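This is what each chain is made of:
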Amino acid sequence: DAKTTQPPSMDCAEGRAANLPCNHSTISGNEYVYWYRQIHSQGPQYIIHGLKNNETNEMASLIITEDRKSSTLILPHATLRDTAVYYCIVRAYTQGGSEKLVFGKGTKLTVNP
Amino acid sequence: KAGVTQTPRYLIKTRGQQVTLSCSPISGHRSVSWYQQTPGQGLQFLFEYFSETQRNKGNFPGRFSGRQFSNSRSEMNVSTLELGDSALYLCASSLDLAGAYEQYFGPGTRLTVT
Numbered sequence: 001d002a003k004t005t006q007p008p009s010m011d012c013a014e015g016r017a018a019n020l021p022c023n024h025s026t027i028s029g030n031e032y033v034y035w036y037r038q039i040h041s042q043g044p045q046y047i048i049h050g051l052k053n054n055e056t057n058e059m060a061s062l063i064i065t066e067d068r069k070s071s072t073l074i075l076p077h078a079t080l081r082d083t084a085v086y087y088c089i090v091r092a093y094t095q096g097g098s099e100k101l102v103f104g105k106g107t108k109l110t111v112n113p
Numbered sequence: 114k115a116g117v118t119q120t121p122r123y124l125i126k127t128r129g130q131q132v133t134l135s136c137s138p139i140s141g142h143r144s145v146s147w148y149q150q151t152p153g154q155g156l157q158f159l160f161e162y163f164s165e166t167q168r169n170k171g172n173f174p175g176r177f178s179g180r181q182f183s184n185s186r187s188e189m190n191v192s193t194l195e196l197g198d199s200a201l202y203l204c205a206s207s208l209d210l211a212g213a214y215e216q217y218f219g220p221g222t223r224l225t226v227t
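Top line first, the protein sequences correspond to chains A and B. Using my numbering, the letters of the first sequence correspond one by one to residues 1 to 113. Using my numbering, the letters of the second sequence correspond one by one to residues 114 to 227.
Just to be clear, a hint being listed does not mean it is correct.
Below, in silico cross-link-like pairs of lysine-lysine (DSSO-like), each with a Cα-Cα straight-line distance of 30 Å or less [claimed, not checked]: (1) A:K69 to A:K52; (2) B:K170 to A:K69; (3) B:K126 to A:K52; (4) A:K108 to B:K170; (5) A:K3 to B:K170.
Computed Cβ-Cβ distance ranges for the label pairs, DEER-style [what the hints assert, rightly or not]: (6) A:A17 to B:P174: 41 to 49 Å; (7) B:G129 to A:D11: 19 to 27 Å; (8) A:K105 to B:T227: 26 to 34 Å; (9) A:D11 to B:A115: 42 to 50 Å; (10) B:S140 to A:N54: 40 to 48 Å; (11) B:Q130 to A:T56: 25 to 33 Å; (12) A:N54 to B:L196: 40 to 48 Å.
Over the 12 Å line for every Cβ pair with chain A, so calculated as not near, a few chain B residues [what the hints assert, rightly or not]: (13) L124; (14) T127; (15) Q130; (16) E161; (17) F177; (18) R180; (19) S192; (20) S207; (21) Q216.
Hints listed in this document are in silico derivations from the structure and should not be mistaken for laboratory results. Predicted model only: the values in this text are computed from it and were never measured. Backbone N, C-alpha and C define an ideal beta-carbon position, used for all residues, glycine too.
Using the sequences and the hints, build the whole thing.
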């Protein structure tokens, strides 16, 4: 079962920041928070991941609360092409191990013109 | 660098038949995972291969099997197809075992069983 809870849908105006929340209250110390998105009929796309500290890359920023029980994915300037289902996943980072991705229902983000 | 490629992209089969799907990972990636996506169940993990060995397996019947070749390319096979096997089958590759590295997905194979 997925270890995360996300709102089923969100709307955002084009050009504004999209803030997607995720609750992962049972996260373990060795589990990372990963974000993927899936644009209609395409394979999921990796966005970002983090453990404790906030992370930023060319696509998005990830803000993780100090207790690590929740996080927020931020798309700073959403465009129509960011309309997709966004998945928040927690998984262990095990060097040499094998940890499958468990996808929940995700959040359907619709960016409106 | 080319992404993950999957062939064929679309497939129509009849109940009882078998099907083989192919996945070519990103060059240099050694791990390949397979997922099934349906409207009802969402994305579900099938199995992961690394160094030609199955390293992890999801909760699917034995009709679903796979293998990986020495060049990291992978195939999955579904025997005795059922209507419920209609789905988008996604392959994902990662540099090393998927627990340590992010996965990159292919476009998927859309399988329709009639």
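> Which hints, by number, does the structure contradict?
Replying inline: Going through the list in order, the structure violates hints 3, 7, 9, 10, 11, 16, 20 and 21 and respects the others.
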